[in-house]
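Input sequences plus hints: build the corresponding full structure.
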Amino acid sequence: MNPTVLLVLHVALLLVGAGAFIARRLIHLMRYFQQEEYDSVRFWAWCRDNGAFDRRGTVVALPTALALGAAHAWPSVTVGAATGAMVGLLAMARGEVDPRVTGKKKLVMTQRATRIYRLALSLGAAFTVPFVIVLLVAGGLFGPALAWLWLVVIFQITPLFLMLAERLLAPGEQRIQDGFQAEARKILADVHPTVIGITGSYGKTSTKMILGELLSADAPTFWTAKSINTPMGVTREIREKMKAHHTWAVMEMGAYNIGSVKRLCDFTPPKAAIVTAVGIMHLERFGSPENVYKAKSELAQAVPADGILVCNGDDPGARRMSVEFAKKTTLLYGFGEGPGDGDDLATRMTHVETTPEGSRFTLHWQGKAYPGTTPLHGRPMLSNLMAAFTMAAAQGVHPDVLLAVIRTLRPVENRLQVQQMGAVTWLHDAYNSNPAGFDAALDVLATMPGTRRILVTPGMVELGDQQEARNREVAAKAAKVCDLVLLVGETNRLALATGLREGGAKDDAVRWYARRDEAFAALQKEQAPGDVVLVENDLPDLYEGTVIL
Amino acid sequence: MKNVAIVYGGRSVEHEISVITALEAAQAIDTTQYRVTLVYIDLHGRWWTGEKLKDRAFYAAFHGRTEGAKLEVEEVTLLPTPGIGGLVRGSKEGVLASVARLFGGAPKKDVVLPVDVWMPLLHGTYGEDGCIQGLFELTELPYTGAPVRAAAVGMSKPTTKALAAQRGVPVLPWEVVEQHQWSTKDPTPVIERLTTLGPWPLFVKPANLGSSVGVAKVDDAPGLIAALVKVFQHDTQAIVEPCVVDLSEINVSVRREGGAPVASVVEMPVRRSKSGVLTYEDKYVGPGGKKKAPSAGMATMARVTDPPELPAEFKAAARAYACTVYDALGCQGVSRIDFILDGAKGALYFNEINTLPGSVAHYLWSASSPSLTYTELLTAMLDEAEARRASERRISREFGFKALK
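Sequence lines, in order, name chains A and B.
The numbers in the working numbering rise by one with no breaks, and the one at position 171 of the first sequence is 171.
The numbers in the working numbering rise by one with no breaks, and the one at position 251 of the second sequence is 1251.
Calculated directly from the structure, the hints in this document are not laboratory data.
This one's a predicted model, so the numbers in the text were calculated from it and none came from an experiment.
Where is the CB? At the ideal position from N, CA and C, for every residue including glycine.
A few of these clues could be false.
[What the hints assert, rightly or not] Simulated pairs of lysine to aspartate or glutamate, DMTMM-like, Cα-Cα distance not exceeding 20 Å: (1) A/K243 - B/D1042; (2) B/K1185 - A/D400; (3) A/K368 - B/D1186; (4) A/K241 - B/D1042.
[Claimed, not checked] One-sided excerpt, in silico: chain A residues whose CB lies under 7 Å from chain B: (5) G396; (6) V397; (7) V401; (8) A404.
[To be verified] Here are a few chain A residues that face chain B, going by a calculated C-beta distance under 10 Å: (9) D49; (10) S216; (11) A219; (12) T408.
Below you can see the structure in the form of structure tokens.
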């Protein structure tokens, strides 16, 4: 056959195989890139920590390159080898994980994701096609081997295409985003609701939802869905959901870095604010506890002097903030067992009892005691309840009305949500866990009626250098409460197992599974009437199992 | 052939029930006499027509559609112009037409979809309360069912109860709470007034909504507060009544025949929830919940028609009272009147009227004697509407123009 035809054929075979494989590989990587919020630094760290270099493409391309190099026969033999390699790459492409249909948190191909993906794919083509052609044409007898070797390089640097695409698209994304934000600012100015900001290391989403329900009893209330707490998310919520009749707007404000709460406050200026806690969550992002405090106090600073500041009196950091940034109305809430013995608490909760249906308690507010009940479980949730109560009461809603609504609140999904499934009771606490929340969930688990108490957990993450110690601590407590513990994933495996052993758990009462669905499958087989199962925390796919690329 | 426009859906919590009622009626209507146009009012109040509307699966897809998705239905609108003769297409001018116009083509006229009779099958707000009836009045075309006054009065529970009581029909005592009387800053005065109604439990309802949304039986003051909070998220008035403990419900349908009201057989709905409130699910979703066969609306509800164990005097009293209330409001078409039976006291109370009942209460008329099929019932309603319009035409509408001459 004509050597030119063979050459074109070789180029075609290589590009079809490589194209199909890279197209699917980029989709697969998009999951992790999306879960890291398109943050190249965090995505790169994830790639590094998970040894996310390519195996499945290289295992085809590298032997092909070596074989072609050894044969260095040009050109007819090589087409046979290239055909085999193409078939191999197509098979690998077919076998590549599709995150749009698998995994706990599926890849959502938003417009932005689609833009990044398409550009990354184009970049991949730009780095492959010319090089391959030049090598094949000008590379002489070793041309084919070098072309396939180049493909190995491309496979290894595939994640970089995503990062590069994101970087190239960033200015455009910013323009689009700025336009949306301007639109949201206008809506907010037209509707002009009273904005209440909420921040804290934990409890802010639950507090937001409870406060939203409480204020809705008074007048139509807007609040951001789920745990949306970034300018981009808030922009979208306002554009889609804020209506002219909204009197109140409850905004969760996430402190991701120094300045991020301030940016949110400039966007949606609060008249009042709640600070739930200044803890050690996400410590690695801030560097020091003092920086965590600074980041959160941006909200307290943004409240005008005649505004309302509600702080958790059980939390030293929030308490300090209430002194440092005191407003005309500054109110503390708490159980009164921490600093100050509760004398200075505007709202205090006593006589807390856990029942299978929820909690019973007495709230003290302005010199009066209000006995109440709620379907919510656990002390952290009751603390959030106090935060919301204090704010709503300070805004003038009568305590009787608030307690009537509190009695009928629906549990927040996956935040110590109790569900009866046949004769088995489930406690879903899969949302982002923290030491206080984990501890409280174990307390609730201990008080639930049942025969056998089972814990399913991957432990807690994002606790900086305290991660190991904190996981060990809760595991030691879990050993005393639980009859069976199912550990999930590698991340905290050692710390949890050590803690459990220290707490006195027997070896046959602790099991380990690589993935959550494996643990649930095992539980499904084994569960018996009377079991109470606590599902504590659920880590994104990023943390679970090992990824073979 | 007459053109009948079935108007349904609407900005109401009973939107879906209306869709079910309408699709059923479109099946039942006598197609040898009438050509049906379906006119769907979506949740935002926009009007649509098209073949796709006949497909039950269309509605969920339409509701969940993303902006800009292909609809395959056409937007229409109704202008309040006397003699308009039907609906106007709301569609935009096509590219070809606009190009043609540039070269001096005639401007595209709004096309009128001819309508001879309106058949509103809307439930609840804007559809059963006189609003759309008022719009139909302005078009001077006949429409089926209750006229403006009957629909508007029938939607207000306290007004209807006052009217019924004035005609000697027994009703339970009631209190009305207006939104401006209710304050979340201080709920005490309202709560104190309501507790004078009698011992707990009390029954709380929105005063101007059909269906079961916001209805609650409450056992204490916090429960009462929570129920009022809920009502004022949906309505501007709450009605509170003592709660009959040993309670059964009796429903009767009434229509006119030769000008005089006639009552159907009675039915007793069967309740499944423990709360003592006939829930939305009881009424419309049917036994076994949503996984079952598609809901046929009000006809889905578990019920006993003409229950043999119910003493004849209660049946007779319910039918007589029902006719009295129907007449007092000046109703037309098919209404359903609901009563409460206090088993302990052996007392019957008028509860509420539905001037546009779910499934047009056809299941009650097919069980009555003489029995009427759904088709016959709809034909009778359409005939009645046209006869009413004919008699109203005799009234002079010449207003003249004198003062500004």
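Evaluated hints:
no.	hint	verdict
1	A/K243 - B/D1042	holds, 19 Å
2	B/K1185 - A/D400	holds, 9 Å
3	A/K368 - B/D1186	holds, 15 Å
4	A/K241 - B/D1042	holds, 19 Å
5	G396	holds, 5 Å
6	V397	holds, 5 Å
7	V401	holds, 5 Å
8	A404	holds, 4 Å
9	D49	violated, 38 Å
10	S216	holds, 7 Å
11	A219	holds, 8 Å
12	T408	holds, 5 Å
Hint 9 alone, counting from the list given before, is not met by this structure.
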